[in-house]
Each structure stands twice: as C-alpha cells, then as structure tokens.
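Trainee: Below, each chain spelled out in residue letters.
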Amino acid sequence: MIAGIRTGHGVRLVTMLLAVVSLCLGIVLGSGALSASATETPAPTPTPTSDFTNTLTITGVLRDGDTLVPGAEITVEGGGFSETATTDDAGRWAVVVPEKGEYTVTLDPETLPDGVELRDADKASSTVGADEWLTNTLTRSFPLGADTRQTTGFFEQFLQRLAAGLNFGLLIALAAIGITLIFGTTGLNNFAHGEMVTFGAIVAWIFAVLLGLNIFVAMVIALVLGGVFGYLNDWLLWRPLRRKGVKLVQAMIVSIGLAIALRYFYLMNIGGDTKTMNVGLSDAVVLGPVRITTGSLLSMVISVVVLLLVGLFLTRTRIGKATRAVSDNPSLAAASGIDVDRIIRIVWVIAGALAALAGVMLALYRQVSWDMGFQVLLLMFAAVTLGGLGSAYGALVGSIVVGLFVELSTLFIPPDLKYAAALVVLIVVLLVRPQGILGRKERIG
Amino acid sequence: MDWGNIFGNAVGELISPTTAAYALAAIGLGIHFGYTGLLNFGQAAFLLIGAYGFAIPTLAGAPLVVAVLCAILCSVIFAFILGIPTLRLRADYLAIVTIAAAEVVRYVVTTTGLTDFTGAANGLSGFKGTFAAINPIPDGTYGFGPFTYSSYDWWVRIVGWVIVILASVLVFLLMRSPWGRVVKGIREDEDAVRSLGKNVYSYKMQSLVLGGVLGSVAGIIFILPRAVQPANYTTGLTFFIWTIMLLGGAATIFGPIIGSMIFWVVLSLTQGILYGAIESGALGFLSTTQAGQVRFILVGVALMLLVIFRPQGIFGNKKELSFSV
Numbered sequence: 189m190i191a192g193i194r195t196g197h198g199v200r201l202v203t204m205l206l207a208v209v210s211l212c213l214g215i216v217l218g219s220g221a222l223s224a225s226a227t228e229t230p231a232p233t234p235t236p237t238s239d240f241t242n243t244l245t246i247t248g249v250l251r252d253g254d255t256l257v258p259g260a261e262i263t264v265e266g267g268g269f270s271e272t273a274t275t276d277d278a279g280r281w282a283v284v285v286p287e288k289g290e291y292t293v294t295l296d297p298e299t300l301p302d303g304v305e306l307r308d309a310d311k312a313s314s315t316v317g318a319d320e321w322l323t324n325t326l327t328r329s330f331p332l333g334a335d336t337r338q339t340t341g342f343f344e345q346f347l348q349r350l351a352a353g354l355n356f357g358l359l360i361a362l363a364a365i366g367i368t369l370i371f372g373t374t375g376l377n378n379f380a381h382g383e384m385v386t387f388g389a390i391v392a393w394i395f396a397v398l399l400g401l402n403i404f405v406a407m408v409i410a411l412v413l414g415g416v417f418g419y420l421n422d423w424l425l426w427r428p429l430r431r432k433g434v435k436l437v438q439a440m441i442v443s444i445g446l447a448i449a450l451r452y453f454y455l456m457n458i459g460g461d462t463k464t465m466n467v468g469l470s471d472a473v474v475l476g477p478v479r480i481t482t483g484s485l486l487s488m489v490i491s492v493v494v495l496l497l498v499g500l501f502l503t504r505t506r507i508g509k510a511t512r513a514v515s516d517n518p519s520l521a522a523a524s525g526i527d528v529d530r531i532i533r534i535v536w537v538i539a540g541a542l543a544a545l546a547g548v549m550l551a552l553y554r555q556v557s558w559d560m561g562f563q564v565l566l567l568m569f570a571a572v573t574l575g576g577l578g579s580a581y582g583a584l585v586g587s588i589v590v591g592l593f594v595e596l597s598t599l600f601i602p603p604d605l606k607y608a609a610a611l612v613v614l615i616v617v618l619l620v621r622p623q624g625i626l627g628r629k630e631r632i633g
Numbered sequence: 012m013d014w015g016n017i018f019g020n021a022v023g024e025l026i027s028p029t030t031a032a033y034a035l036a037a038i039g040l041g042i043h044f045g046y047t048g049l050l051n052f053g054q055a056a057f058l059l060i061g062a063y064g065f066a067i068p069t070l071a072g073a074p075l076v077v078a079v080l081c082a083i084l085c086s087v088i089f090a091f092i093l094g095i096p097t098l099r100l101r102a103d104y105l106a107i108v109t110i111a112a113a114e115v116v117r118y119v120v121t122t123t124g125l126t127d128f129t130g131a132a133n134g135l136s137g138f139k140g141t142f143a144a145i146n147p148i149p150d151g152t153y154g155f156g157p158f159t160y161s162s163y164d165w166w167v168r169i170v171g172w173v174i175v176i177l178a179s180v181l182v183f184l185l186m187r188s189p190w191g192r193v194v195k196g197i198r199e200d201e202d203a204v205r206s207l208g209k210n211v212y213s214y215k216m217q218s219l220v221l222g223g224v225l226g227s228v229a230g231i232i233f234i235l236p237r238a239v240q241p242a243n244y245t246t247g248l249t250f251f252i253w254t255i256m257l258l259g260g261a262a263t264i265f266g267p268i269i270g271s272m273i274f275w276v277v278l279s280l281t282q283g284i285l286y287g288a289i290e291s292g293a294l295g296f297l298s299t300t301q302a303g304q305v306r307f308i309l310v311g312v313a314l315m316l317l318v319i320f321r322p323q324g325i326f327g328n329k330k331e332l333s334f335s336v
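Residue numbers (our numbering), protein chains in the order written: chain A, 189 to 633; chain B, 12 to 336.
Rather than coming from a laboratory, the hints here were simulated on the basis of the structure.
The reader is advised that the hints may include incorrect statements.
Said to hold, decoys possible - To give a feel for the contact side, a few chain A residues facing chain B, derived at Cβ under 8 Å: (1) Phe346; (2) Leu347; (3) Asn377; (4) Ala449; (5) Phe453; (6) Met456; (7) Leu611.
As the list claims (entries may be wrong) - Restraint ranges, calculated between C-beta atoms of paired labels, are given here: (8) A/Leu619 / B/Ser291: 54 to 60 Å; (9) B/Pro189 / A/Arg431: 37 to 43 Å; (10) B/Ala238 / A/Trp321: 28 to 34 Å.
Every residue gets a Cβ at the ideal spot worked out from N, C-alpha and C, and that includes glycine.
Put together the whole structure using the sequences plus the hints.
Mentor: See below:
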C-alpha cells in the first residue's frame with residue numbers, strides 16, 4: 189500500500205467517481221432499450237382445481253405412455269354406493285358420487301386392452317379419504333405400462349452430482365482467482381467481484397441472445413469487455429484510493445458501496461426477471477452413467493484450459509513472477525525494480541476478464557439475472573478463504589471443494605440448503621485451520 | 012408534483028418504527044465496529060433471530076415477556092456460535108465469516124423443510140396480539156398533520172423510540188465505564204490491551220453479545236408493524252445498517268439515530284420526487300419501478316463517498332476511527 193494522505197485529490201476523486209457512474213450509465217443505457225424486446229416466457233395458465241357446481245365427481249384419464257386407453261372399467265365403491273364407469277375414446281372416466289365420503293376406486297385389469305398392463309399389479313385400487321374433498325372434483329390415476337421416469341441409483345446420482353460439482357467448482361475458481369490475486373497484490377477484499385461476474389453474463393446475453401451473435405463470439409467480447417471493466421475499476425476508483433492512502437477496511441466498505449450501486453444499476457436496466465440463455469448448448473451428452481449438457485462440458489474444458497494458462501502465466505512469465513513477488517511483499521518488490529502499480533493494473537484486467545468469463549459460464553449453467561454474481565460471491569469468498577487468502581492455487585483447491593460440496597450435499601440435505609452447507613464448511617474449516625487449506629500461518633495475523 | 016404529500020411522507024419517516032429499528036440495529040453495530048473494532052457483517056442475522064425468536068413462541072401461545080426473552084436468548088446463543096470460531100481471526104476473515112453465517116441462518120429459515128415453524132419463504136404473520144393487548148392508548152386516531160396514526164401505530168412508535176433512547180443511554184454509560192475503556196483499547200491496539208492482562212477474547216465476545224442483543228430487539232421492533240419475511244434479511248439489510256452507522260458516525264451516541272433518520276427521510280424524499288417527476292413527464296425514460304431502484308444506486312454511491320471522504324460520519328471524531336487494519 190502506498191501510504192500518506194495527500195490533499196487536492198478530493199476533488200479529483202469526486203470527478204472520477206462521477207465519471208465511473210456516468211460511463212457505466214452510457215454503456216448500459218443502450219442495453220436498457222434492448223431489454224424491452226427480450227423474450228419472456230409466458231406464465232403457465234393455472235389448471236382449474238375446482239368447479240362451481242355442487243356435483244361431486246371422481247375422475248381421471250387412463251393412458252399408457254402417450255396412448256389413451258378406452259374401454260377400461262373403473263368401479264367406485266363406498267358407503268353403500270357403487271358405480272362402474274368405462275373410459276371413453278379420450279381415456280377419460282368419471283363417476284358422480286352422492287356425498288363427500290370415503291370411496292375405493294378400483295380398475296379392473298381384465299378390461300384393459302391386450303398388451304396394456306398396470307405398472308404395479310397390486311396398485312389396481314386406490315382410496316379417497318373423506319378429508320380430501322376440499323374441491324368438488326377429485327382425480328385418481330393408474331400408472332400403466334413400463335416406468336418411463338428415471339430412477340437412478342445412489343451411485344449414479346453421486347456421479348451426476350460429482351460432475352455438476354466439478355463444473356460449478358471450476359467456474360467458481362475462474363472468478364475466485366481474480367479475488368485472490370487482487371487480495372494478494374493490494375490487500376483488498378473486493379465485494380464488487382460478484383458484479384464483475386454479472387457484467388460478463390449480461391454482456392454475453394446482450395450479444396448472444398439480443399443481437400444473435402454466435403455464443404463463442406459473445407464469449408470473447410465478454411472476456412475483452414470484462415478486462416476493460418476491470419481496468420476501469422482500477423483506473424477510476426482503486427488507484428486514486430491507493431494514492432489517497434485509504435485504509436483496507438475502508439476500501440472494503442467502498443467496494444460494498446460499489447457493489448450495491450452496480451447491482452441496482454443492472455436491475456434498473458435489465459429488470460428483475462431471469463433471462464434465458466438459449467444458445468443451443470443445452471443438448472445432453474451421455475458419458476457413461478453421467479448425463480451432462482454440451483454447455484457444461486464446454487464450460488469445464490474452457491475453465492481447465494484458462495486455469496492452466498493462468499497457472500503458466502503466474503509461474504513462467506516475467507509479469508506473472510512479478511505478480512507473485514508483489515503478492516509476497518509489495519515493498520520488497522518495489523525496491524527490486526518492479527512497477528507495483530503496473531502489476532496491480534494487470535491483475536485487475538486479468539481479474540475482470542476471468543470474472544466475466546466465469547459470468548458467461550454461469551449464464552450457460554443457470555441463466556442470467558441481475559444478482560447472479562452476488563449470489564455466488566459468498567461462495568467465491570468461501571473458496572478463497574478455504575484455500576487460504578492470497579494463494580492462487582489455494583483458490584483453485586478451495587473452489588473445487590466448495591463446488592463439490594454444494595452439489596454433493598444435495599444427496600443428503602434439501603437442495604434449498606446447499607449453499608448454506610458450503611458456508612457452514614467454511615466456518616468449520618476456519619475453526620480447525622484458520623489459515624485455510626493451502627494458506628500460510630503468518631497470513632492470519 | 013404534490014410537495015405537501017412528499018414532505019409529509021418524508022417527515023413521517025423521522026419517527027417511523029422502521030427508522031427506530033434501523034437506529035437500534037445501528038447502535039448495536041456501533042458497539043461491535045465503532046467501539047470494539049469488530050467487522051460484523053452479519054447484523055441482519057441478529058435482526059432475523061430477533062424476529063423469528065419473537066414470532067415463533069408468540070404464535071405457539073407464549074406470553075409477550077417470554078417471547079421477548081426467547082428472542083434475546085437466541086441472539087446470545089447465536090453470538091456465541093458466531094464468536095467462538097471467528098473472534099480470534101483477523102478483521103477481514105471475521106467480515107467474511109459473519110456475512111456467511113448470516114446467509115446460512117437466512118437459508119435455514121427459508122428452507123421448505125421447516126415450513127411448519129418458519130413459514131419458509133412466506134414468513135410468519137399474526138403475532139401482534141400479545142403486544143397490542145398491553146397497549147394503554149384507547150382506540151382511535153391521534154396526532155396532527157403527517158403524524159396522524161392509529162392507537163396501535165402510536166404504541167409501536169412510542170415503545171420503539173423509548174427502547175432506542177434507553178439503548179443510547181446504556182451505550183453512553185458503558186463507554187464511560189472501565190469496560191468501555193478496555194473495549195476501545197482493543198479497537199486501538201489489541202496487543203497493548205492484552206499486555207495489560209485483559210482477556211481480549213472475552214471482552215470481544217461480550218461486545219458481540221451486547222450488540223447482537225440490541226440487534227435482536229431491533230428485529231422485534233422491525234416486525235411489529237409488518238409480517239416476518241425472510242427476504243428482508245439479506246446482506247442488503249446489513250449493508251444499509253452499515254451505511255446508517257457510518258453516516259451518523261460509528262463511535263458516537265447520536266450518530267446511529269440521526270443516521271437512520273437521514274437515511275429514511277432521504278430515501279422517502281427521493282422516492283417522492285422521482286415519482287413526481289415521472290408523473291409530470293420530466294423523467295419519461297424511467298418507470299416507477301426503476302425509480303425505486305435508482306434510490307439504491309444512490310445509497311451505494313453515497314456509501315462510497317461517505318467512506319472515502321468522511322469516514323468518521325457526521326458526528327464522528329477522526330481520532331475515534333477503527334479503520335486501522
């Protein structure tokens with residue numbers, strides 16, 4: 189950090205902040221007009237659950253797969269009442285009953301056409317309870333033919349979740365490496381990183397869906413614009429703040445403010461609904477017991493390639509080595525002739541580009557919404573903290589652990605708690621090993 | 012543009028129970044951050060625990076006192092669970108862990124598996140009976156101008172602000188006491204306090220519990236005029252409380268109260284003015300929904316400018332700053 193408060197920067201900072209906001213306004217206001225033409229999925233029409241007559245009916249449609257079954261006999265008995273209905277050409281049957289009582293509905297398997305059988309021979313009858321009569325019409329169905337639903341064993345589900353978790357972990361890693369590089373070189377916990385992810389997703393959505401470009405072209409555009417966005421972040425906000433000598437906690441709260449402003453700015457421009465990222469990458473590929481979409485497969489391959497490139501960059505190139513040197517000790521790096529400010533600028537560009545790429549992958553994985561980045565921000569922080577703040581490899585390991593944990597936990601707990609599970613792991617790991625998995629002890633202070 | 016109505020609404024925010032609840036939550040956060048230097052980013056969880064800790068027993072038939080005590084007890088337990096793993100960590104780890112813990116709590120009350128207890132995403136309502144029953148104000152409408160409310164609304168406001176004032180007095184007395192000096196010493200230099208033989212960990216925990224209890228009481232005040240909605244307790248709530256605390260001044264007595272009043276009055280004013288401008292056609296490119304969102308962009312920008320240019324807030328003393336990390 190470059191310490192020392194200088195006067196005269198105040199006015200400049202205000203102008204710069206205004207410039208950031210107005211620039212963003214300029215970029216995205218154009219998209220505001222576009223979003224109006226976005227395709228919206230129509231809301232499903234609700235099926236009527238009750239009619240307004242006083243007739244009490246037990247009804248149903250008999251079908252074998254997609255074919256309707258006519259001529260089968262269904263008997264409704266109960267409370268001294270008994271009546272048999274025959275299914276019509278549309279497979280429909282209905283019995284009008286006298287009161288809201290208990291009945292047994294039985295299908296006569298003998299009357300089914302040849303080749304059609306009950307899926308479960310002992311489920312030829314079902315009961316209607318007196319307390320079920322909340323509406324005047326009740327339905328009963330009899331599953332026929334072979335089971336077409338997918339029943340998967342625990343092991344298949346495990347593999348399926350494993351693949352999804354790996355995919356999710358890899359795309360968290362893409363974004364988390366940016367967080368950890370920024371933290372390593374500047375000490376800043378960037379809470380606005382989630383908004384950089386959202387930025388990439390929105391850019392890709394604008395170019396791929398609204399403008400109809402090829403998804404790969406859109407991906408490259410998002411990557412480039414993400415880098416530009418990262419550069420602007422540093423140039424307009426963080427570099428002036430470093431010059432001003434703003435403390436780290438202060439800077440962290442500034443990033444929270446930036447995150448709030450950007451998030452609501454996205455919301456204002458694209459609206460609160462979820463945008464579908466329908467770019468033809470949702471075909472399923474079967475790899476052994478695992479079904480995965482081409483989009484997910486592609487995103488895993490791209491993630492691995494990009495992560496390898498980042499690894500090579502950090503270990504093999506001069507700038508990469510300088511980055512690690514700055515992470516280690518900025519003063520020593522500066523003393524040995526490294527331009528610390530330039531390295532930090534490069535780190536912001538890389539972080540912005542990687543976050544945008546992660547945003548595109550996330551959009552392919554789970555559609556586009558204004559707060560999508562913020563939803564995964566805590567998981568990214570969890571990944572970085574798990575791996576050890578400031579360590580790039582730690583971020584990779586931590587991300588994969590978080591990704592796997594999020595997906596595998598759904599085997600045991602309700603899916604709406606899967607993020608909570610990952611965050612609980614974070615808290616538990618910090619209890620046992622506060623410096624994270626790959627972190628060094630001196631970093632916990 | 013109906014300026015009378017716009018100002019009326021804005022002035023009404025000055026004494027609204029929501030303003031009181033945010034002020035109280037900010038007073039609690041002030042104990043954590045302003046006086047002790049703890050970066051608690053999970054204050055929303057304390058409000059949530061206060062709200063559910065009060066609403067669930069009340070709906071189960073518990074009397075008012077029991078429900079309030081239950082809410083306070085739950086927040087104390089949560090403070091311990093939060094503090095044990097995190098208070099030994101460095102400040103920014105604490106920030107991430109508290110924010111994570113707050114989200115975990117929110118996911119847990121929103122999960123459909125607990126619908127019978129928490130109402131899942133729909134939340135809870137119908138818990139106002141025990142509080143309304145001890146309302147001494149006879150039925151009817153009282154007040155003048157923009158301050159005209161029903162008897163229940165006055166009751167909520169009076170109780171809310173009395174609690175806020177009591178909490179302010181408590182903080183004032185505490186921070187003049189030896190306990191307050193130790194806590195402020197921890198903020199300035201933890202190691203120095205440790206070398207004086209004080210148990211820093213224990214003092215931090217006491218501070219976390221105290222601020223958390225104030226947060227949970229704020230959670231009760233917050234739900235008295237409305238229903239419990241899990242969506243209200245996102246990290247956004249925490250950030251707004253932070254904005255309010257920093258606006259007034261983190262380590263000040265009146266800061267959180269004035270900060271909360273300014274925050275809500277300005278939000279109400281901007282909403283009124285933006286809506287008015289849209290209706291009169293001056294801002295034709297915005298919809299009213301978008302105008303609501305513009306206000307939060309302003310909150311974000313205001314938070315940035317505040318922290319950069321006046322981190323001590325309106326009332327704060329620059330020497331009493333805990334941005335020491």
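Trainee: Now look at each hint and say whether the structure bears it out.
Mentor: To see whether the hints hold, each was checked on the structure:
About 22 Å separates the beta-carbon of A/Phe346 from the nearest beta-carbon of chain B, more than 8 Å, and the hint is not met. At about 25 Å, the closest approach between the beta carbon of A/Leu347 and any beta carbon in chain B exceeds 8 Å, and the interface hint on this residue is violated. The interface hint given for A/Asn377 holds, since its Cβ lies 5 Å from the closest Cβ of chain B, which is under the 8 Å cut-off. The interface hint given for A/Ala449 holds, since its Cβ lies 3 Å from the closest Cβ of chain B, which is under the 8 Å cut-off.
Here the hint on A/Phe453 is kept, as its CB sits about 5 Å from the closest CB of chain B, short of 8 Å. Taking 8 Å as the C-beta contact cut-off toward chain B, the hint placing A/Met456 at the interface holds, the least distance being around 4 Å. Against a cut-off of 8 Å between C-beta atoms, the interface hint on A/Leu611 holds, since the closest Cβ of chain B lies about 4 Å away. Our hint of 54 to 60 Å for A/Leu619 and B/Ser291 holds, since their Cβ atoms are close to 58 Å apart.
Hint check: B/Pro189 to A/Arg431, Cβ distance near 41 Å, so the stated range 37 to 43 Å holds. For B/Ala238 and A/Trp321, the Cβ-Cβ distance of about 31 Å falls inside the hinted range of 28 to 34 Å, so the restraint holds.
In summary, the numbered hints that this structure violates are 1 and 2.
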